[in-house]
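Engineer: Here is how the chains run, residue by residue.
There are 2 protein chains.
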Amino acid sequence: MEPVKLGLLGLGTVGSGTVNMFHRAGVEIERRAGRQIVVTRAAAQDLSKPRDCETRDIELTDDPMSIINDPDIQVIVELIGGYEDARDLVLAAIRQGKHVITANKAMIAKYGNEIFAEAEKHGVTVAFEAAVAGGIPIVKAIRESLVGNHIQWLAGIVNGTTNYILTQMRDEGWDFQTALDEAQRLGYAEADPTFDVEGIDAAHKLTILASIAFGVPLQFDKVYTEGIAGIGREDIQYAEELGYSIKHLAIAQKTEEGIELRVHPTLVPHRRLMANVGGVMNAVMVYGDAVGRTMYYGAGAGSEPTASAVMGDILDVVRSLSAGPDNRVPYLGFQLGSLSSVPVLPMEAIETAYYLRMEVLDSPGVMAAVTQILAELNISIEALLQKVPEPGQDTVPIIMLTHRIRERQMNEALYRIGQLEAVQGKIVRIRLEYFDE
Amino acid sequence: MEPVKLGLLGLGTVGSGTVNMFHRAGVEIERRAGRQIVVTRAAAQDLSKPRDCETRDIELTDDPMSIINDPDIQVIVELIGGYEDARDLVLAAIRQGKHVITANKAMIAKYGNEIFAEAEKHGVTVAFEAAVAGGIPIVKAIRESLVGNHIQWLAGIVNGTTNYILTQMRDEGWDFQTALDEAQRLGYAEADPTFDVEGIDAAHKLTILASIAFGVPLQFDKVYTEGIAGIGREDIQYAEELGYSIKHLAIAQKTEEGIELRVHPTLVPHRRLMANVGGVMNAVMVYGDAVGRTMYYGAGAGSEPTASAVMGDILDVVRSLSAGPDNRVPYLGFQLGSLSSVPVLPMEAIETAYYLRMEVLDSPGVMAAVTQILAELNISIEALLQKVPEPGQDTVPIIMLTHRIRERQMNEALYRIGQLEAVQGKIVRIRLEYFDE
Chain A
1 MEPVKLGLLG
11 LGTVGSGTVN
21 MFHRAGVEIE
31 RRAGRQIVVT
41 RAAAQDLSKP
51 RDCETRDIEL
61 TDDPMSIIND
71 PDIQVIVELI
81 GGYEDARDLV
91 LAAIRQGKHV
101 ITANKAMIAK
111 YGNEIFAEAE
121 KHGVTVAFEA
131 AVAGGIPIVK
141 AIRESLVGNH
151 IQWLAGIVNG
161 TTNYILTQMR
171 DEGWDFQTAL
181 DEAQRLGYAE
191 ADPTFDVEGI
201 DAAHKLTILA
211 SIAFGVPLQF
221 DKVYTEGIAG
231 IGREDIQYAE
241 ELGYSIKHLA
251 IAQKTEEGIE
261 LRVHPTLVPH
271 RRLMANVGGV
281 MNAVMVYGDA
291 VGRTMYYGAG
301 AGSEPTASAV
311 MGDILDVVRS
321 LSAGPDNRVP
331 YLGFQLGSLS
341 SVPVLPMEAI
351 ETAYYLRMEV
361 LDSPGVMAAV
371 TQILAELNIS
381 IEALLQKVPE
391 PGQDTVPIIM
401 LTHRIRERQM
411 NEALYRIGQL
421 EAVQGKIVRI
431 RLEYFDE
Chain B
1001 MEPVKLGLLG
1011 LGTVGSGTVN
1021 MFHRAGVEIE
1031 RRAGRQIVVT
1041 RAAAQDLSKP
1051 RDCETRDIEL
1061 TDDPMSIIND
1071 PDIQVIVELI
1081 GGYEDARDLV
1091 LAAIRQGKHV
1101 ITANKAMIAK
1111 YGNEIFAEAE
1121 KHGVTVAFEA
1131 AVAGGIPIVK
1141 AIRESLVGNH
1151 IQWLAGIVNG
1161 TTNYILTQMR
1171 DEGWDFQTAL
1181 DEAQRLGYAE
1191 ADPTFDVEGI
1201 DAAHKLTILA
1211 SIAFGVPLQF
1221 DKVYTEGIAG
1231 IGREDIQYAE
1241 ELGYSIKHLA
1251 IAQKTEEGIE
1261 LRVHPTLVPH
1271 RRLMANVGGV
1281 MNAVMVYGDA
1291 VGRTMYYGAG
1301 AGSEPTASAV
1311 MGDILDVVRS
1321 LSAGPDNRVP
1331 YLGFQLGSLS
1341 SVPVLPMEAI
1351 ETAYYLRMEV
1361 LDSPGVMAAV
1371 TQILAELNIS
1381 IEALLQKVPE
1391 PGQDTVPIIM
1401 LTHRIRERQM
1411 NEALYRIGQL
1421 EAVQGKIVRI
1431 RLEYFDE
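Taken in order, these protein sequences are the chains called A and B. No gaps in the numbering here: position 226 of the first sequence is 226 in the numbering used here, and each next residue is one more. No gaps in the numbering here: position 254 of the second sequence is 1254 in the numbering used here, and each next residue is one more.
If we strip away everything but chain A, and leave its shape as in the complex, we get (with noise of 0.2 Å):
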């Protein structure tokens, strides 16, 4: 059978390591695909640049439409990133009718369903493992392996800077900022670490997740999204000391009136897993009705981890090549025309556990108040610390964990104690996952 050859576009951190995986592991490769794969053509946006890869058999070029139109290339392979340049170059492959593997989660989270219904008119297939949680095979696992499942939820750690400086914050004591500095000292977070911290990069791979999950269309712009840059040292040392540790989780829920799609600091039991991936590790748990629990660990970026989510999609790719475009598996799990569109809901509709952390004045009678409010709202405490006051200090620190309410609730009870004299400066909230079910 003739070899099929590849064309990258991008040659930075993962094109690289997907270069060097070929030629680490190209034999296995070929035993594996019974077929011989090679990357006969690149795009690099400065051909002068060094390469962390060797390139000698390689056609390297600064312009990727020429790779595009190349009729000899069967699969693209963008690992460019970012939104529209990326989204332009993909339609022009599929236009070309070459089958595309990405592992842009942005792209994807944004303009998947564009993308996905040109592909299929087209009748070339679009794969995208690599951008959701980098080497972790989860897209595979809920579209192929869960099927048999009504997927009911699912919460991930898909986001290693956040979970690094987290994990730092805990281990060595650090404040928010002194974990990040060194995040980016060690190249785990970006000059500019705003698509990290704020979650906008976990909630572009939150909508891919939810969509194979549910069947329903891609919809970056309704995800909640609250980063980790609110999250005071203190408040990990309150939540150890009372059994918890806080990740920086997105959760995807399907309840009987909608969705919920949310990426916010989350409280979660010492015990289970997912309190226990630390560093830049990713992990997703999904429950399914049939399976229960599982969940799916490893790296969730750099270059050979990826590389390796991007091999996976290349020897599928490879392997339809000779499989009719409905015998492959759906962008989504799910046949395109049989998406459903059930809501996503507002956050103030979900419904979650709580930590809260205020400083109210030393004077009799605050704690009653407090407690008074809650009270009103049917809102039960779990747990309660009081701190005695630091010397000199008129202040003490109240810290609450409460059972599961409506976040509606929560709000109006948080406006109210706000409302108090005694309650000095912004209450800290953050939310408290159990995942025992």
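Please note that the accuracy of each hint is not assured.
Claimed, not checked - To spell it out: a stretch of chain B is covered by chain A in this simulated footprint if at least three of its residues, at any positions, have a beta carbon under 8 Å from a beta carbon of chain A; those stretches are:
| id | stretch |
| --- | --- |
| 1 | 1015–1029 |
| 2 | 1144–1157 |
| 3 | 1265–1279 |
Worth flagging that the hints you see were computed from the coordinates, not collected in a lab. Predicted model, so just to flag it, every value in this text is computed and none were measured. Glycine included, C-beta positions come from ideal geometry on N, C-alpha and C.
Starting from the known structure of chain A, fit chain B onto it as the hints suggest.
Structural biologist: Same frame as chain A, but now just chain B:
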């Protein structure tokens, strides 16, 4: 397109779960497959027995061969279990040109080489995701997602019964027998628990995992297998005190000299994910040179979780019906002709760390004699606990952790220490793994 017709052999726990899943999720399964799939016939040993599923639309028989010989049936789902009978039926089905899906780990571990060769000859596929770790999609992850990696090792909790027993011994302070009795009462352990408790079931699964990870033939008879009946509740307590949990692990590792295949109780540090896999749950950690550590967690047995894996295989097989045999995923991840023949190492050649517990006479010079033997064999001690004697006792327990050494050296050390007059009874030796790379 014509519906695909399945025949089920076996309507017990997993068979009923599979039928129920078709009733519950049939619409979604069709949305995913783009094609209708129906169970038209099923075989059961005793037709008068009440079933845990609705069989109105299924033609029942007590003669499995009549299903295998039915020209309308394209796919046989073997859910009988056991060694020889299942093998005979599966081989007959293959010779009839049927695709086969099986949950039978014992049969695949023992007769898989023969079965795959026969399937290759007849151009049909044999799928066995449900044979390893129930609902966890570990076969697919290794065979299809981690294809760009050289897998270096894997380690798993692949038997829910032993994990339940060890978890209860830790959490409730029970001894082995009490925990086993409770497991039997809850239906987690069979009336004859030998296969689970002695590690044979885990060895079956390890055999399969090692083959797909390393591209070597199935070689069940070369697995070193040690059960959990020798673990005392005091060992679990001492291990906890030292910062470890005891887990019954199945470990496969590729070294320069060959392959290690071993099932035995193992100490694992508390903060490791593996240490937090409790109750009847399963987990497999896989280390690939590109992706690093990935882990897969979920229910390893039970009606619905196993049916979940069977259903994943059903969709894969149905999709492959229109693809050529050369384009299917190879049974063991690599094309059968190119499996490699790396030797399986004898247990004496493997390297690990150790936990030792011995009862010694409470007299001067004993500790010196023991440590002298270890020093002579270049075994260094990582931690040491010596307890004060219980009132009225003239012996004390010594517990120690060693650094990593060859099993051969440890055997020699245990022999020599056992010869010391001050050492009473049998020395308990449990292996210790860190999973820190």
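Engineer: What hint numbers does the structure not satisfy?
Structural biologist: none
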